[in-house]
Amino acid sequence: MNTVTPTNHAPVRRGMSRSQSERLSTWFSYALLVLGSIVILVPFAWMISTSLKMKADVYIFPPQWIPNPIQWHNYVEAFTTFPFDLYTYNSLIIVVFVLIGTLFSCSFSAYGFSRLQAPGRNFIFMVLLATMMLPSAVTMVPIYLFFNKLGWVDTFMPLIVPAWFGSAFFIFMMRQFFMGIPYELEDSARIDGCSTYGIWARIMVPLSKPVLVTVAVFTFMGTWNDFMGPLIYLTDENKRTLALGLSYFQGSARSAPDLHLLMAASLYAIAPCVILYFLCQKIFVKGMVFTGVKG
Amino acid sequence: MNTKKRWWTRSRREALDGYVFMTPAILGLLFFMLGPIGASAYFSFTEYDILSTPKWVGLDNYVNLFKDSLFWQSLRVTMIYSVVSVPLGLTVSLALALLLNKNIRGIFLFRTIFYLPAVMSGVAVALLWKWIFNPDFGLINWAIGLLSLEGPKWFIDEQWALPPIIIMSLWGVGGSMLVYLAGLQGIPTDLYEAAEIDGANKRKQFRHITLPMLSPVIFFNLITGIIGALQVFTEGFIMTQGGPNNATLFSVLYLYRNAFSYLQMGYASALAWVLFLIILAFTLIIFKSSPMWVFYEGNRRSGK
Numbered sequence: 414m415n416t417v418t419p420t421n422h423a424p425v426r427r428g429m430s431r432s433q434s435e436r437l438s439t440w441f442s443y444a445l446l447v448l449g450s451i452v453i454l455v456p457f458a459w460m461i462s463t464s465l466k467m468k469a470d471v472y473i474f475p476p477q478w479i480p481n482p483i484q485w486h487n488y489v490e491a492f493t494t495f496p497f498d499l500y501t502y503n504s505l506i507i508v509v510f511v512l513i514g515t516l517f518s519c520s521f522s523a524y525g526f527s528r529l530q531a532p533g534r535n536f537i538f539m540v541l542l543a544t545m546m547l548p549s550a551v552t553m554v555p556i557y558l559f560f561n562k563l564g565w566v567d568t569f570m571p572l573i574v575p576a577w578f579g580s581a582f583f584i585f586m587m588r589q590f591f592m593g594i595p596y597e598l599e600d601s602a603r604i605d606g607c608s609t610y611g612i613w614a615r616i617m618v619p620l621s622k623p624v625l626v627t628v629a630v631f632t633f634m635g636t637w638n639d640f641m642g643p644l645i646y647l648t649d650e651n652k653r654t655l656a657l658g659l660s661y662f663q664g665s666a667r668s669a670p671d672l673h674l675l676m677a678a679s680l681y682a683i684a685p686c687v688i689l690y691f692l693c694q695k696i697f698v699k700g701m702v703f704t705g706v707k708g
Numbered sequence: 005m006n007t008k009k010r011w012w013t014r015s016r017r018e019a020l021d022g023y024v025f026m027t028p029a030i031l032g033l034l035f036f037m038l039g040p041i042g043a044s045a046y047f048s049f050t051e052y053d054i055l056s057t058p059k060w061v062g063l064d065n066y067v068n069l070f071k072d073s074l075f076w077q078s079l080r081v082t083m084i085y086s087v088v089s090v091p092l093g094l095t096v097s098l099a100l101a102l103l104l105n106k107n108i109r110g111i112f113l114f115r116t117i118f119y120l121p122a123v124m125s126g127v128a129v130a131l132l133w134k135w136i137f138n139p140d141f142g143l144i145n146w147a148i149g150l151l152s153l154e155g156p157k158w159f160i161d162e163q164w165a166l167p168p169i170i171i172m173s174l175w176g177v178g179g180s181m182l183v184y185l186a187g188l189q190g191i192p193t194d195l196y197e198a199a200e201i202d203g204a205n206k207r208k209q210f211r212h213i214t215l216p217m218l219s220p221v222i223f224f225n226l227i228t229g230i231i232g233a234l235q236v237f238t239e240g241f242i243m244t245q246g247g248p249n250n251a252t253l254f255s256v257l258y259l260y261r262n263a264f265s266y267l268q269m270g271y272a273s274a275l276a277w278v279l280f281l282i283i284l285a286f287t288l289i290i291f292k293s294s295p296m297w298v299f300y301e302g303n304r305r306s307g308k
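First to last, the sequence lines map onto chains Z and H.
Residue numbers for the first sequence, in my numbering: 414 to 708.
Residue numbers for the second sequence, in my numbering: 5 to 308.
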């Protein structure tokens, strides 16, 4: 193999060995992918299985994979133990307002940062980027005090209002996307008498659907799963979110949690995220590739 | 004269529009970033319980931090966690991305499955893993039992409390995997074709094309990974409450306790600033080292 082969033979020989090694590597990839999928799906299977078990069977060791009998009733019981409808409602309210705020403010600001020349624009953008490197721990305490002064503690305001003032990460993401949209579109709209605000609303926003969906999915999951925010700001039991409600559901130091009910409740809490991801997946991945982080 | 005047109006008009568009971000910076950052710096020099006015104590909080054994413990725990989990996460997510970048049948389904863990995060996952690592009824010890070995007392034994949280952190690599995947798809295929003509094998192609081309993404994931790892909170709070014997007392968890359980806002602020300086130091070191290993495509001279 090390010897120099005549050029007219080389492609044939190499072609054969390559297709063999490629087939081997494909099989190897499949094996790894299936193995990885099993590792990922086993905990899911276990969660589902446990959520349908009788309390006594949860602790059977070794674990019983198929519950006998199947306790659909667990789901009803989980929801009656804690006011999950109320928690869901609270989570939804927060998520909806955060989503609207994030999508509006980030796409709005990103347009300014990407297309409009204004003195100091780049400096402001750099400061914005620098805040991404700061740990939220640094500002957590003063922001809490700030909201406390405003009388917003124990309301949804601290969880919703900041979203209306943009997020560095998403502004950056949208900016990259806007910068890829051809100027010609903008110019011809301007000639047709469209204002800058009209261009944002009628050209930039409709053309950036994939990145908007990406931001929406990230925002939905982040807000829906957010634990620390509600933990810090909400003290009233009736204002708890689903993520927060779950943690109180795990029992206390003195009492063991009812695992079967806990898993039923957890699956219920995860379901909207999984459904949303399945629905958005195609656009989501595309958007990610399009705005991919590149030097 | 006339044209000059009109030109001026136009660019001023554009600048004005620009500021209007940037308003949300600028206000956000002022309200939720710059103000709180300044305030926390001030509070870190005071004694403050939220209810009464802050009392200036100078460097007392910082001096006390150095004498506080729990602070050192939380720092140690956070460091161990970060040093192990960040490289592990980077490697695993890169390997997964390479695997999922292959053009094989059913890849769409596999991409869905592998991203699934990132979809579910936070409390539900922390609870799930707490249960998986349960020493008596958990899946892990059951699997170890199948090999007729005895599993460790996860979470109960001080020595075995942190490893499950590190293993669990791998569950969340889906996000960085997606960023790698995006980076991989951005590498021009002509580079590989050229390399193949030059007789480079797959391993050489990976070392001389994939890794350099991907280095900006690796850099991004490394920075965000470190920042994230040094601020880990939810896992320690939900799964172990910092125990046993503070073996999983992460820095942010300790900060949270000081601020919201003991109402020592001044001390918590000092803690936050020390943590910030540590994160900044790490970030700067990596930024400084980046010219040695991060390759930006803008510098690439397309050879053959």
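Fair warning: there could be bad hints in the mix.
Stated by the list, open to error - Here are some chain Z residues pointing at chain H (derived, C-beta under 7 angstroms):
# : residue
1 : Thr544
2 : Ser660
3 : Tyr690
4 : Leu692
As the list claims (entries may be wrong) - Result set (EDC-like, lysine to aspartate or glutamate): computed pairs, CA atoms no more than 20 angstroms apart in a straight line:
#  : chain 1 : residue 1 : chain 2 : residue 2
5  : Z       : Lys562    : H       : Glu51
6  : H       : Lys208    : H       : Asp194
7  : H       : Lys208    : H       : Glu197
8  : Z       : Lys468    : H       : Glu51
9  : H       : Lys208    : Z       : Glu435
10 : Z       : Lys652    : Z       : Asp567
11 : Z       : Lys562    : H       : Asp53
12 : Z       : Lys652    : Z       : Glu435
13 : H       : Lys71     : H       : Glu51
14 : H       : Lys106    : Z       : Asp567
15 : Z       : Lys562    : Z       : Glu435
16 : Z       : Lys468    : Z       : Asp671
17 : H       : Lys106    : H       : Glu197
18 : H       : Lys206    : Z       : Glu435
19 : H       : Lys106    : H       : Glu200
Stated by the list, open to error - Where chain H lies over chain Z, by a calculated footprint (3+ residues, C-beta under 8 angstroms):
#  : stretch
20 : 501-511
21 : 521-527
22 : 638-645
It is worth saying that the hints were derived from the structure and are not from the lab.
The structure displayed is predicted, hence computed values, not measured ones.
Ideal Cβ positions, reconstructed from N, Cα and C, are used throughout, including at glycine.
Practice prompt. Find the hints from earlier in the document that the structure breaks and name them by number, from lowest to highest.
Written response: The structure conflicts with hints 4, 8, 12, 14, 15, 20, although it agrees with all the remaining ones.
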